[in-house]
Amino acid sequence: MKTFQMQCKVEIIRVLRNRYFVFWSLVMPILFYYIFTNVVNTNAPDKAEWQAHYLMSMTVFSVMGSSMMTLGIRMVQERSQGWSTFIRITPLSDTVYFAAQMIGQSVIHLLSITIIFIAGAVINGVSLTAFEWIASGLWILLGSLPFLAIGTLVGMMKKVETAAGISNVIYMVLAVAGGLWMPLEIMPKIMQSIGKWLPSYNFGNGAWEIVRGNLPDWKNILILIAYLALFMLLSKYIRRKQEAA
Amino acid sequence: MNEILSLTNVTKSFHHKTAVNDVSFAIGKGEVVAILGPNGAGKTTTISMILGLLKPSAGEVKLFNHLPQEKQVREKIGTMLQEVSVMPGLKVREILELIRCYYPRPLEMPELINLTGLTEQDLKTRAEKLSGGQKRRLSFALALAGNPELIIFDEPTVGMDITSRKRFWQTIHHLAEQGKTIIFSTHYLQEADDAAGRILLFKDGAIVADGTPAQIKARISKQSVSFIVDPELSLENLYLHSEIDDIYRKNNRVYVQSNNTDRVLELIFQEKIGARDIQIERGKLEEAFEQLTSGAKEAI
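These protein sequence lines map, in sequence, to chains A and B.
Under our numbering, read the first sequence as residues 5 to 249, first letter to last.
Under our numbering, read the second sequence as residues 2 to 301, first letter to last.
Just chain B, same shape as in the assembly (with noise of 0.2 angstroms):
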């Protein structure tokens, strides 16, 4: 496998608290990975140290086989951190220009602006007068002037407003068909379901889950069958089924869970239930998320 990113049993401890503790997980070319997880779950400090930021308090960090401070790792990879970084004193242009100059093969200026979507204005304003959703563009473009191979993005799209955010996603996705390789953390579900390939679920600084995200569904919640039905028909027939694992109502429907949703459509027609508006029910990230990332630990 042609792989970018490699942590081996890396620990951080702050003082007496263990921020990540014996992560290990490899990341190959091209893959979109998600850092899925609740706040303090280790998310920003796994990212610091892949970024050469912060040192593991044991295991090692490598990116393209070297370690994260070289220069040679950091000509290739552009990162968005959560605290938007600007340069006072300059004009966004200036900024971009002065950046793009640090990297051997950088992005050229009109593609640049155009991924990003900063306007003229934009470009001839001062950074410290920028407003939020400015800075945020900028910062992103500040991660895609060296034309990175890895992209690192901590909690992008926090602050971001609909459209932006819809924009951010579209250009990522652009960006992971050209085969550059992303790694973003999030603690928005949907993001992670939407955007990326590959989940690293983390709780508590360990990864509890990592999988795509219909696998990580697939671990933990129930596929069901739901239907409406007169409701003084009986479902006795339907429970003599040993594929079928419950039946419950809810909200006027009835929900029928089983692993072979199949089968359970096949039982509904044979019974001649009269069943109306059936749906598919494939079992939410949120579900599957609150059980790995809740308190009991049978769960997992």
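This is chain A alone, in the form it adopts within the complex (with noise of 0.2 angstroms):
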């Protein structure tokens, strides 16, 4: 147990020095949420409802973010610093590794949330019920496992900096396409039509529904599962297929 306690909190001290973490996933989101509820004119008919969608949208983004690439390129430099090989000669468990890892992002996941939900609070007074604030982090929370399991398919690159950029691109691409930097419903309509069954989206709104009184809808939950479905099993198969060569 002390074990197990040790690697979290190591896992969270290591996440918190990353300057990467700290610029994309607390300063980039509340910079963005600023500029476009603040310094942008959206001409959004509901205000609030646009600032407390908006808020959301960069919650969703900054998590997504450090499921994606906070985790993925820790693997890689683990892995080609020779750490991983040393840590398997240990008698640290797989499963304390794993969960630590896990354990340790979700507490990460969970201070981005409360910063920038307070961030959103002391910037444009979103008002939320308590339900409301507390539903829809959780759906982040646990909607951002999709994104974790993306993690750990960058995690199986060889270097560290193939592994940035791909997961950038990535990043940025389901951002944007899923949208959470500007509504879907500003879009093209073809570019509609495919975001609707983009993992960003469905898991943007989850929580989009959530702050407008709704619960979110069970194509959401059913297409962000046949996600980490998809993406569990590309892991193990690419998992195989490197301990074959």
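None of these hints come from the bench; they were simulated from the model.
Be careful, since some hints might not be right.
[Said to hold, decoys possible] DSBU-like mimics (lysine-lysine), calculated; alpha carbons at most 35 angstroms apart, straight line:
(1) B:K30 / B:K204
(2) B:K18 / A:K240
(3) A:K6 / B:K125
(4) A:K6 / B:K204
(5) A:K223 / A:K245
(6) B:K18 / B:K72
(7) B:K63 / A:K162
(8) A:K163 / A:K240
(9) A:K245 / B:K204
(10) A:K240 / B:K63
(11) B:K167 / B:K204
(12) B:K56 / B:K92
(13) A:K13 / B:K56
[What the hints assert, rightly or not] What follows is a list of derived Cβ distance ranges for each label pair:
(14) B:Q216 / A:I170: 54 to 64 angstroms
(15) A:R244 / B:E84: 52 to 62 angstroms
(16) A:I229 / B:G41: 42 to 52 angstroms
[Said to hold, decoys possible] Some chain A residues flagged as far from chain B (calculated, every beta-carbon gap over 10 angstroms):
(17) A125
(18) I127
(19) Y241
The C-beta atom is built at its ideal place from N, Cα and C for all residues, glycine as well.
Can you join these two chains into the complex? Each is in its own frame, and there are hints to help.
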């Protein structure tokens, strides 16, 4: 148990010391939030609703990024620097190692969610019911699972540079095409129909529904589960292939 | 015998190449063993199998009578790999604290620092900012953190300067005195000769010699007595003695080869040839190494 706590603590320390994390997952989303709700005039019919909507977009954007990039790049780093090999020789069990990574990552997500929610409340005075705050926070925490699975896929790449580059591109494409930067409704029809099938849109839509007083759509949940299964299978397949080589 | 490690008919093949071929040996408690051999002899593959990082294609590796992957084995071993391993984002002290808590009876922090020569400054540095030498010291500390009974090093001194190398071997000596079992691979003959009580000499994935450094040297190289003598003087008389195998001159010295160097000394004085600056040459491990690992199979 002591090992597990220590391992979790260490994983959290490492993420917080990572400058990329602080920039991409905290500074960027909050900055964007400020710009698109205060500086740029979006002509939203219901200003309060738009402010709550965009707060969800940016929180989803933040958590999605740290799931994919922080986790993935760290895995590549650990492997390329020989740490993974060393860990295999120590008595640390794979289960504890994996669980600590996941818990560490979740604590970090919880922290990001809290900070960005507070920023929303402070910057624009976003006010939601207690249920809406908690439900949307939980949705974002759990909905990050398929993106953590993408993170493990990124983590299988050989070089840190490749992993960082590719995950960054996927991240941006998913964010824009999934309607996290600007709502899908203002995009061309074709983009809208593609976007609705992306994991990022379904991740975001759950939170958007919650702040509108609804519950996430069944379709959102099912699509996210399907993506999770797909990415996990893919990651299992690639790992088996790498081990055989 | 208190057997710590045993390999029984272990073979490892990669695709078409056999890296380790039918190797068997056992190592007892408290031994300091060098796995010596030229590059590509199968040293690292053997060590990887001992550590459970690679599975043998055939045969069996047992540590403390268990398979290398078992937790109780891992709790008793410490290792320093050829590729230095660091965990990015953490300070040296944090990494050591973390690794120590993986083991049931870790080495106390002050002792660990004392043994490995880590400085206060090193401890505060983040792993990714360490210099090559600092990384080596951290790796060494990681190997010792769990207070292991068996310590395995793969090419430990590559990249160390003379001072750290000396310090490293002093520490190894100290650990051996505490009854730790130590296995290290090296391609430096001198290290194997100085530090190990036993050498396993590898060539093309097989063990070609197994014994104390003295035994290995004796197996191959001849001993000789060398001295300086008036060049005009004939050495005919020495040739008459059957104990002497050969006499030759090199760099103004006369070399008399024999398996009984005591007898040669006696003869030199008996014949009153006026020999000066007499030395007994024991035969070097280098020679044994070259003979054993060079292409010619007859030498083995």
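Status of each hint after checking the structure:
For the suggested pair B:K30 and B:K204, the alpha carbons sit about 25 angstroms apart, so the restraint of at most 35 angstroms is met. Among the hinted pairs, B:K18 with A:K240 is consistent with the structure: their alpha-carbon atoms are about 28 angstroms apart, no more than 35 angstroms. For the given pair, A:K6 sits about 23 angstroms from B:K125 by alpha-carbon distance, which is consistent with the 35 angstroms threshold. For the hint pairing A:K6 with B:K204, the CA-to-CA distance comes to about 45 angstroms; that exceeds 35 angstroms, so the pair is violated.
For the given pair, A:K223 sits about 33 angstroms from A:K245 by alpha-carbon distance, which is consistent with the 35 angstroms threshold. Between B:K18 and B:K72 the alpha-carbon distance is near 31 angstroms, which keeps this suggested pair within the 35 angstroms criterion. The hinted pair formed by B:K63 and A:K162 meets the criterion: a straight-line CA distance of about 32 angstroms does not exceed 35 angstroms. A distance of roughly 20 angstroms separates the Cα atoms of A:K163 and A:K240; the hinted pair therefore holds under the 35 angstroms criterion.
The straight-line distance between the Cα atoms of A:K245 and B:K204 is roughly 32 angstroms, inside the 35 angstroms bound, and the hint therefore holds. Using a Cα cut-off of 35 angstroms, the hinted pair A:K240 and B:K63 holds, with the two alpha carbons roughly 30 angstroms apart. For the given pair, B:K167 sits about 27 angstroms from B:K204 by alpha-carbon distance, which is consistent with the 35 angstroms threshold. In summary, the hint linking B:K56 to B:K92 is supported, as the alpha carbons are separated by about 33 angstroms, within the 35 angstroms threshold.
With a C-alpha separation of about 33 angstroms, the suggested pair A:K13 and B:K56 falls inside the 35 angstroms cut-off, and the hint holds. Evaluation of the 54 to 64 angstroms hint for B:Q216 and A:I170 yields a pass: the beta carbon distance comes to about 57 angstroms. Between A:R244 and B:E84 the C-beta distance comes to about 24 angstroms, which lies outside the given range of 52 to 62 angstroms. Distance hint for A:I229 and B:G41: a CB-CB separation of about 50 angstroms, consistent with the stated range 42 to 52 angstroms.
Annotated as non-interface, A:A125 keeps its C-beta farther than 10 angstroms from every C-beta of chain B; the closest such distance is 31 angstroms. Every Cβ of chain B is farther than 10 angstroms from the Cβ of A:I127; the closest lies at roughly 30 angstroms, confirming the non-interface assignment. Non-interface call for A:Y241 relative to chain B: holds, since the shortest CB-CB distance, roughly 21 angstroms, exceeds 10 angstroms.
Of the numbered hints given earlier, the model fails hints 4, 15; all others are met.
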